[in-house]
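Peer 1: Protein chains in written order, with this note's numbering: chain A, 1025 to 1341; chain B, 860 to 1158.
In case anyone wonders, no lab produced these hints; they're calculated from the structure.
By construction, the Cβ of each residue, glycine as well, lies at the ideal position given by its N, Cα and C atoms.
Be careful, since some hints might not be right.
Examples of chain B residues lying across from chain A (beta carbon under 7 Å, computed) [stated by the list, open to error]:
1) Ile963
2) Leu967
3) Trp979
4) Val1113
5) Tyr1146
With beta-carbon atoms standing in for the labels, derived distance ranges [to be verified]:
6) B:Pro1020 to A:Gly1191: 37 to 45 Å
7) B:Pro1020 to A:Phe1268: 24 to 32 Å
8) A:Val1265 to B:Thr879: 30 to 38 Å
9) B:Leu1049 to A:Leu1035: 55 to 63 Å
10) B:Gly941 to A:Arg1250: 43 to 51 Å
11) A:Phe1268 to B:Phe895: 44 to 52 Å
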Amino acid sequence: MDRPNPLFRNLWSKIAALPMMLIVLVVFVGGTAWTVLFSFTNIKIVPIFTPREWVNGFIGLANYQRLFNTDRWMNCPGLTHIGRSDWEPTCMGALPNVVTYVILAVVLSMSLGFVLAVLMDQKIRAEGLFRTIYLYPFALSFIVTGHVWAWIMSPEYGLQASVRAMGWTSFDFGWIADRHMVMYAIAVAGIWQGTGLVMALMLAGLRGIDEDIWKAARVDGIPAWRTYLQIVLPMMKPVLVTTFVIVCSGAVRIYDLVVALTDGGPGISSDVPTRYVYTNFSANLGQSLSASTVMLVTMAVLLIPWIRMEFGKKSQG
Amino acid sequence: MANSPLLDGPSGARPQKFITWQRFVVYGCLIGCALFFLFPLYIMIITSLKNIDEIRAGNIFVPTMHPTLDAWFKAWDSACTGLYCEGIKVGFWNSIKITVPSTIVSILVASLTGYSLANWPFKFSEGFFSVLLLSSFIPYIVMVYPLVIITRYMGIFSTLPAVVLVHTIFGLPLLTLLFRNYFASLPGELFKAARVDGAGYWQIFFLVFAPMSMPIFTVAVILQVTGIWNDFLFGVIYAGPTNYPMTVQLNNIVNSATGGKAYNVDMAATILTGLVPLAIYFISGKYFVRGIAAGAVKG
Chain A
1025 MDRPNPLFRN LWSKIAALPM MLIVLVVFVG GTAWTVLFSF TNIKIVPIFT
1075 PREWVNGFIG LANYQRLFNT DRWMNCPGLT HIGRSDWEPT CMGALPNVVT
1125 YVILAVVLSM SLGFVLAVLM DQKIRAEGLF RTIYLYPFAL SFIVTGHVWA
1175 WIMSPEYGLQ ASVRAMGWTS FDFGWIADRH MVMYAIAVAG IWQGTGLVMA
1225 LMLAGLRGID EDIWKAARVD GIPAWRTYLQ IVLPMMKPVL VTTFVIVCSG
1275 AVRIYDLVVA LTDGGPGISS DVPTRYVYTN FSANLGQSLS ASTVMLVTMA
1325 VLLIPWIRME FGKKSQG
Chain B
860 MANSPLLDGP SGARPQKFIT WQRFVVYGCL IGCALFFLFP LYIMIITSLK
910 NIDEIRAGNI FVPTMHPTLD AWFKAWDSAC TGLYCEGIKV GFWNSIKITV
960 PSTIVSILVA SLTGYSLANW PFKFSEGFFS VLLLSSFIPY IVMVYPLVII
1010 TRYMGIFSTL PAVVLVHTIF GLPLLTLLFR NYFASLPGEL FKAARVDGAG
1060 YWQIFFLVFA PMSMPIFTVA VILQVTGIWN DFLFGVIYAG PTNYPMTVQL
1110 NNIVNSATGG KAYNVDMAAT ILTGLVPLAI YFISGKYFVR GIAAGAVKG
């Protein structure tokens, strides 16, 4: 058999990679660029493609101006009244909602996930069983998670009614019907679904810590909780950063869970950016495109430092 | 103090200890959390076995004395979605029709691309790889409208091919990274030996690499099947009403309650929708954990 001719060899490799290259160029690079570019135009439903149409439709930052003046996107009635009696440090709308959700998801699922990982690391029996129980929600669709929790949190027949019927009449868990508490309700469901993954990632990180560290800490008489907090936790920084990025990027694009659990309600008090983008596609494309661009920029700000840290040094993805 | 289990390190075998209060606290917390995670599953199951009067009158925690599978049959066969009353089975078959081709095509394309990038580098392959890496993090919603335009232009918008195409496209960056890293981790001598023996691009892939890469193919299948099965957004946008996947049908069944919500039917439909990914999860075990750890970053 002859050795394959180099041109032929390269050709097959290129042909096999061609569909992927086309997709990356057209959809990922092209699609993202299209969305960003046409967020600066007064685009209507009719799609426009050409540079001439872009120039003719160019309206600068007007879509963004409108976006941030839309109550559904962001509405902070009392925030700027600093020093006055009606000063109120609260914001409503899709953007503040997602910020609330991201903070809750990151803080709660990361702390609960870390505690669970530490507990799982105590040479317990039935570790496999506990792992299976903590992780199974992650296999489910957000739509499934949303509807289960919607039933549990239903004020009429759910947990609240049942606990009240058992005698604790002041028990209040009607969060999904309360515009101030609804994002917390969504966070409970999100944390239920996502904490198992955080636990699994952190447990892998804990298991990667050199055993000598533990021996040294024991020899020095440092109590275990301090070893975890002051020695092991800082050593787990790469794992913590990766987990943070995963939880954050998942939380920023939250959509299905909100659709199933509240569908943005009551009113629009649990609206989130992805839902805002989606519901504006037909009537208000400029709003959709500018809101998606804001999401893209947020994600980039979150991810670029991480990608440089994680992949800059030619490590494996 | 120094011998109590909590103070011991996380690794190395160790003789069995007596039960101490620290052990008690550890197990107490673990079991308490396990109950929180199991609670919704318990509620789903017992609710689906009740009849609607028991749900209205009874307590959410208490299982029924007279379990019935009526709600399950109704959810599968005759629950209404707002368009028609044929149950969630329509969505089940649609999800199969969407998941199977998307999984096969995306894994085929991604494994070949990963193999090209890892073993047959060409002029722009490094730059291409970086773009690929970034692509896997872009939120899907940013590319949804351009893809609506593209699929409309191709004449397949609102059909099965459109939703299959979209799932394939969005699965590719991550799968390609997965395969590229796996193939790059195989010993280089293997590839060289096959080259010396005269094997070409396709022979090395199908006769040498693919047979020894079953773990990564397994992870890829799990990742794609669960991801596509659980998707809602692409199904609702690109599939069109006749091809709505199971998640969209479930959402429609729950929201189309006429004459009061049938929570038992809703919960039966919810369990049915979660059954396929749950079965994959319980069967595949550690492969699943590897798959989700890899898949968690995708847009």
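Peer 1: Please go over all the hints and tell whether each is borne out by the structure.
Peer 2: Each hint tested on the structure:
1. Ile963: violated, 14 Å
2. Leu967: At 10 Å from the nearest chain A Cβ, Leu967 of chain B fails the 7 Å test, so the hint is violated.
3. Trp979: holds, 3 Å
4. Val1113: holds, 5 Å
5. Tyr1146: violated, 12 Å
6. B:Pro1020 to A:Gly1191: 37 to 45 Å: violated, 58 Å
7. B:Pro1020 to A:Phe1268: 24 to 32 Å: Violated - the Cβ-Cβ distance for Pro1020 of chain B and Phe1268 of chain A, about 38 Å, lies outside 24 to 32 Å.
8. A:Val1265 to B:Thr879: 30 to 38 Å: holds, 35 Å
9. B:Leu1049 to A:Leu1035: 55 to 63 Å: violated, 23 Å
10. B:Gly941 to A:Arg1250: 43 to 51 Å: Hint violated: Cβ distance 58 Å, outside 43 to 51 Å.
11. A:Phe1268 to B:Phe895: 44 to 52 Å: Distance hint for Phe1268 of chain A, Phe895 of chain B is violated at roughly 23 Å.
The earlier numbered hints that this structure contradicts are 1, 2, 5, 6, 7, 9, 10, 11.
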